[in-house]
Amino acid sequence: MNDFAYAKVSTVQGALEAIRAHPGAMFLAGGTTVVDLLREDVFQPELVIDIGALPLREISVGREETVIGALVSNSDLAWNPAITSLFPVISQALLAGASGQIRNMASVGGNLLQRTRCPYYRELDAACNKREPGSGCAALGGGNRSHAIFGGSEHCVATHPSDFTVALTAVDARIQLTGPDGEREVAMTDFYVEPGDTPQRENRLRPGELILGVKLPHAHAGRSSYYLKVRDRHSYEFALASAAVAAEVSGGVLTGVRIALGGVATVPWRARAAEQVLEGRRASPALLAEAGRAAEQGARPLRDNAFKVELVGRTVTAALHELTGLPSGPQPA
Amino acid sequence: MPYPADDRDGLTRRDALRRGLMFGASAFVLPRLLGDAAAAEAGPELTGVQPAKEFTVAFTVNGRQVNPTVSGRSSLLEVLRDPLDLPGTKRGCDHGQCGSCTVLVDGHRVLSCLTLVASVAGKSVTTIEGLAEGTELHPVQAAFIKHDAFQCGFCTPGQIMSAVGFLKEPWAADSASVREGMSGNLCRCGAYCGIVAAVTEARQALGHRRA
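Here the protein sequences line up with chains D and E, keeping their order.
Under our numbering, the residues of the first sequence are numbered 5 to 337, in order.
Under our numbering, the residues of the second sequence are numbered -12 to 198, in order.
No lab work stands behind these hints: they were computed from the structure.
Treat the hints loosely; a few may be bogus.
Covered stretches of chain E (in silico footprint by chain D; criterion: 3 or more residues with CB under 8 angstroms from a CB of chain D, positions within the stretch not fixed) [stated by the list, open to error]:
#, stretch
1, 68 to 80
2, 137 to 143
3, 166 to 172
Using C-beta positions, here's what the derived DEER-type ranges look like [as the list claims (entries may be wrong)]:
#, chain 1, residue 1, chain 2, residue 2, range
4, E, LYS155, D, ARG67, 55 to 61 angstroms
5, D, PRO59, E, GLY194, 30 to 36 angstroms
6, D, ASP185, E, ARG175, 37 to 43 angstroms
7, E, HIS82, D, ALA225, 54 to 60 angstroms
8, D, ARG286, E, ALA192, 48 to 54 angstroms
9, E, CYS80, D, ASP185, 55 to 61 angstroms
10, D, GLY329, E, LYS155, 30 to 36 angstroms
11, D, ASP129, E, LYS110, 46 to 52 angstroms
12, D, ALA223, E, ALA192, 42 to 48 angstroms
13, E, LYS110, D, THR202, 55 to 61 angstroms
Here's a subset of chain E near chain D, in silico, CB distances under 8 angstroms, partners left out [said to hold, decoys possible]:
#, residue
14, LEU101
15, LEU118
16, THR122
Note that this is a predicted model, so its numbers are computed, not measured.
A virtual CB, placed ideally from N, CA and C, is assigned to each residue, including glycine.
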């Protein structure tokens, strides 16, 4: 760890003033990413501003939307009765991530900003454009089994690690921000940016901004939804491929379909081609298999992760079987 | 606990280490304190004071009020073990991957290695040393002994604290959740069968009888 100073703030205004006065500072919430990366010297701030005491711990269910404060813990959100009943995919995604201890610590806002698990990002001796712009990407010619098949560039192929953000993408969530220019909202699908030639920039958060919370529009409340995560071990592991699927299912017909993918892309990945296959059509095993294949479109596998192409397609198909209740037998070839 | 720690006569390895560290640290800490002069009871608020590198933090551990002088970089794990002299909480990976440093903060299980001690100001911490009531073991401790749920014992305090926290969480009502609920704690000896049996039994002893 570098020799940073520590301070805490107790109001949102105090947090914004602190970060404006100390542009080299970083916010600390649950600490499950930040403390780890401080210890690895990946983060070397002059000052850590602890925002854990800010009054952002409410989950409020309104008429039009549910608003989740940025400091609600992943556990509290996952077990919240409104979330489990209105947005089961969010609860399922949270409970599929990390461990009981980490979910108790990790915040909603921190989850949105968690850093990639690409091992080269954490290894200071390795080239990594995300950590040190211009140094290169060790993953492109190195071990890249866990890396992205969607949204990568010649500068970065690191996956976004979060399960929660994949579920949020499938329910059209919006992120509430505040900063020097006041409050604003950004849709999940606009918040993250693909690496391109600036992989150090992961999202549209502006300097000095703070996440206040996440808004869940009730247009998606109460619909069928499901999160399926495939990983190397049964628990406490990041996704090789995951799918969040949500739709209105009426008489077997799917409408308002949302499919988002995790573990396979540089950002939470909306599988629009797969959505289009399903939209307005009656679910059948053949249709769900077709949607799975559509989810594979545009994949650009690397040396070690060609298996992810078929894996993600089958993950989507299997998740859709859970969503629709159609029995999942052997998949057509 | 089956193996009482550090109660032998004479100078233990821990004492020797601590004396060496304290001697080394004193020359470092004092100028820091004088230089930053920002000691505050609950950790420094940024407004109106300079950010601090050394300060005191007040919280309770196992019901006892403590007020250690810490660095902004100190983890709860480091401070529990030394200077608070509660070495039951173990440093395993120090990266939030093994669970051996699990403690309860305000009743919730957390990883003390990824918790900056400054962030527990005003909170209540429970470690393995605070679990038994007098000589009466907590039901999870008793179940671990009964089911031989350890071999080397290094991960055991974290396993037990994690189980105590888990059994207060909503999903503990489902008996099938024990393996998943305990997945954040690794055991290199592979005592998992005993651990699952112990947590399952403790779950029943603590009154989870549904499902």
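Problem set entry | Violating hint indices (sorted, rising) | Hint check: 1, 2, 4, 6, 7, 9, 11, 13, 15, 16 fail, others pass.
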